[in-house]
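Residue numbers (the numbering used here), protein chains in the order written: chain B, 724 to 1059; chain W, 144 to 588.
If you're looking for bench data, these hints aren't it; they were derived computationally from the structure. Just so it is clear, the structure is predicted and the values come from calculations on it, not from any experiment. Worth double-checking, as some hints may not be accurate.
[Claimed, not checked] Interface residues of chain W toward chain B, partial, derived using beta-carbon atoms under 8 Å: (1) Ala206; (2) Val311; (3) Phe315; (4) Leu502; (5) Pro505.
Note that the Cβ used here is the ideal one computed from N, Cα and C, for glycine as well.
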Amino acid sequence: MLLVVILFLALSLLAYVLFGGADFGAGIIEVFSGRITRKTITHAIAPVWEANHIWLILIVVILFMGFPLIYAQMSLYLHIPLVVLLLGVVLRGTAFTFRHYDAIQDRSQIYYSFVFKLSSLVAPFFLGVITGALILGRIDQEAVTFYEAYIAPWFHGFSFVMGVFTCCLFAFLAAIYLVGEAETQAIKAHFLRIARNANIATVLAGGAVFLVAEWSGLPLGRMFWHSTAAFIAVVTATLSLPVLWWSLLKEQVVFPRLLAGFQTLLILGAWFWEQFPVFLQYADGTYLSLVEHAAPEATLRQLGLALIVGSLLILPGLFYLMKTFKAKRTVIKDRA
Amino acid sequence: MEDLLAARMQMAVSLGFHIIFSCIGMAMPFLMAISGYKYLQTRQQVYKDLTKAWSVGVAIFFAVGAVSGTVLSFELGLLWPTFMAHAGPIFGMPFSWEGTAFFIEAIALGLFLYGWDRLHPWVHWSAGVVVGLSGVASGIFVVAANGWMNAPAGFDWVNGQAENIDPVAAMFNDAWFSQALHMTLAAFVATGFAVAGLHAILLLKNRDNIFHRKALRIALTVGAVAALLQPLSGDISAKDVAERQPAKLAAMEAHFETSQPAPLVLGGLPDEDKKVVNYAIRIPGMLSFLAHGDFKAKVTGLDAFPPEEQPPVLVTHIAFQVMVLSGMLMAAIGLLYFLLSWRLPHLLRRNWFLWIVALATPLGFIAVEAGWTVTEVGRQPWIIYGIMRTSDAVTAMPGLAVSFYLFTGVYLLLALILVWLMKRQISTLPEKYPSANLKEYVTVH
């Protein structure tokens, strides 16, 4: 059952990055485009963002039930970035909802939009910071000072560049998705432009992640280089970018989305594969592992069962939800 | 502020905030579904408009509930990592099911809110019912996990470590049923009375309005039925607590000394140093009866526990009195409503009755907050009853006061915005929904 649980953890991470990430990315895009994209973004996110958000809750539940020590140690040493991430999550969700449902459209919309955009940047950035801190290896159980224990583990160039990479990736995913949602050619062109810029930024930030890792003494590049599977995955993801652009310019809707999702799968998969089973790296070289620090088998059995039965219940519903609101967009486009 | 106190306060504020949205998420979809059902049956526009107007409220509150619930799932670790390192594998199971229920709720809500003209009317309506059912299921799962903290089960505690973990036994602990029943009913009471009260206030300004009267009738009926059932569930809970957590019962009742028979202490101000209750009314033998079903039974007092294992009495006792009093008032209003509407055909047009309902608007949520104070403060000093102390579970990270003030500030701000948003929703009802202007003039004598 441990394998099932780990698989679900990985899938939930992927789903959160793809769907939750695209929702955050839409907020980031709004930072760079102002009012013209607002309607498309609102229509695209409103029916689905809560469902997309629940992948995060699933990740937390799998961690605290299946890998309690990892969850506890993360919560202890990465308390500060986790709190900032949470504030970002709360403010993004509420500001978006308030903006969408407020009965009177007046100056308050400006404040909602400001908070929505700001928190759409803050939350993914700190998600990246936390991910970076988990592999960076500056978490020190022997730390004495407040700085050493609770700030040093994440306050570092590598975490920050991971944060930037996460923001770029999310904006890229959102742009690819929103191209197919655009109501007019002008907005579509705008999203294509954003997608191009975000694409370039993601590749650059991805390169920066490896560079900064190298400077920080983290052999990330060499790890990828030595693992054939991970190396091939990253290269395939990068080399398939021209295919993505060709299909986007051919005005295809579904294929670019699938391809961008597949590229994300490759990158995340390579990272997960490379790290596995390490989840949290300590400063002294020891680590917490998904295999050795898992909960007892009785717990994993129940967790795995809940996840399997749960997904059998959820996936048809999720599919139906997406399908119902996909049809609507096609209608609007035909009319336009 | 001391770190342990800050952590407890932050947890209390976060739970106290989130619980409002959980209650609304459990009960409000059913109000919406009743109105939707009436629309599909009668095809009266007013029911469709009411369903839509309520669903906007549900959407806003659901979103805030979703994010404040996420905060809680992280806060368990951020504030109580030692607790979670031990408890996660034992009591995590209901949370794993809650995830599923919540997911289904989000999907169904998406379909309901945005599927008005896209889905078959009955499919659409069913989506609304599914929102409510999964909301109730979510609530029950979370309360079952809390029940485990009160009635730990499904493991052996050996040298400070849990062994022989059985998550199923942990989930179906001795407290899960009584707590889940009490909470679910409370959600319906609180939401029913709050919604009814809101529409009663609007009716006081506009007594002939059909829209608000229909809304009031649905909400008050649901709230009143639940309020009348709640004392039965309260009785089950009281007997259960007397059995399992005598110290909590003693604190609730400010019962300092073990006695046989034991009097019921109504109201009063407990003095924890002198171990007396000032200004209280005592009913002889009543506590014996309520706790054990026998007027002569012995009821364990706080003196049976060492001082370091006694819960705070003042807070627990007052919170308990507030909860019971609010519950009784609402049950009385419910009874009045059913009895009078049978005799007085135009009860919902009478100012005095509308005033009563309007004044009862916050009562249900006051009872919910007070009830949670009772169960949480009454469990102290334990985080896992009899196994782990709250003070041993708190995070080692210092400076927790900062995050307490931060989250309190954010939640306060959100609460204010929500009130303001609701006012704006209500003020635009007449322009959005033509039926919200419909009037029916009847002379009431």
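So, going through the hints one by one against the coordinates:
1. Interface restraint check: Ala206 (chain W) against chain B, minimum CB-CB distance 4 Å, threshold 8 Å, status holds.
2. The closest approach between the C-beta of Val311 (chain W) and any C-beta of chain B is roughly 7 Å, which is under the 8 Å cut-off, so the hint is satisfied.
3. Because the beta carbon of Phe315 (chain W) sits about 12 Å from the nearest beta carbon in chain B, more than 8 Å, this interface hint is broken.
4. Restraint check, Leu502 (chain W) versus chain B: the minimum CB separation of about 26 Å is more than 8 Å; hint violated.
5. At about 22 Å, the closest approach between the beta carbon of Pro505 (chain W) and any beta carbon in chain B exceeds 8 Å, and the interface hint on this residue is violated.
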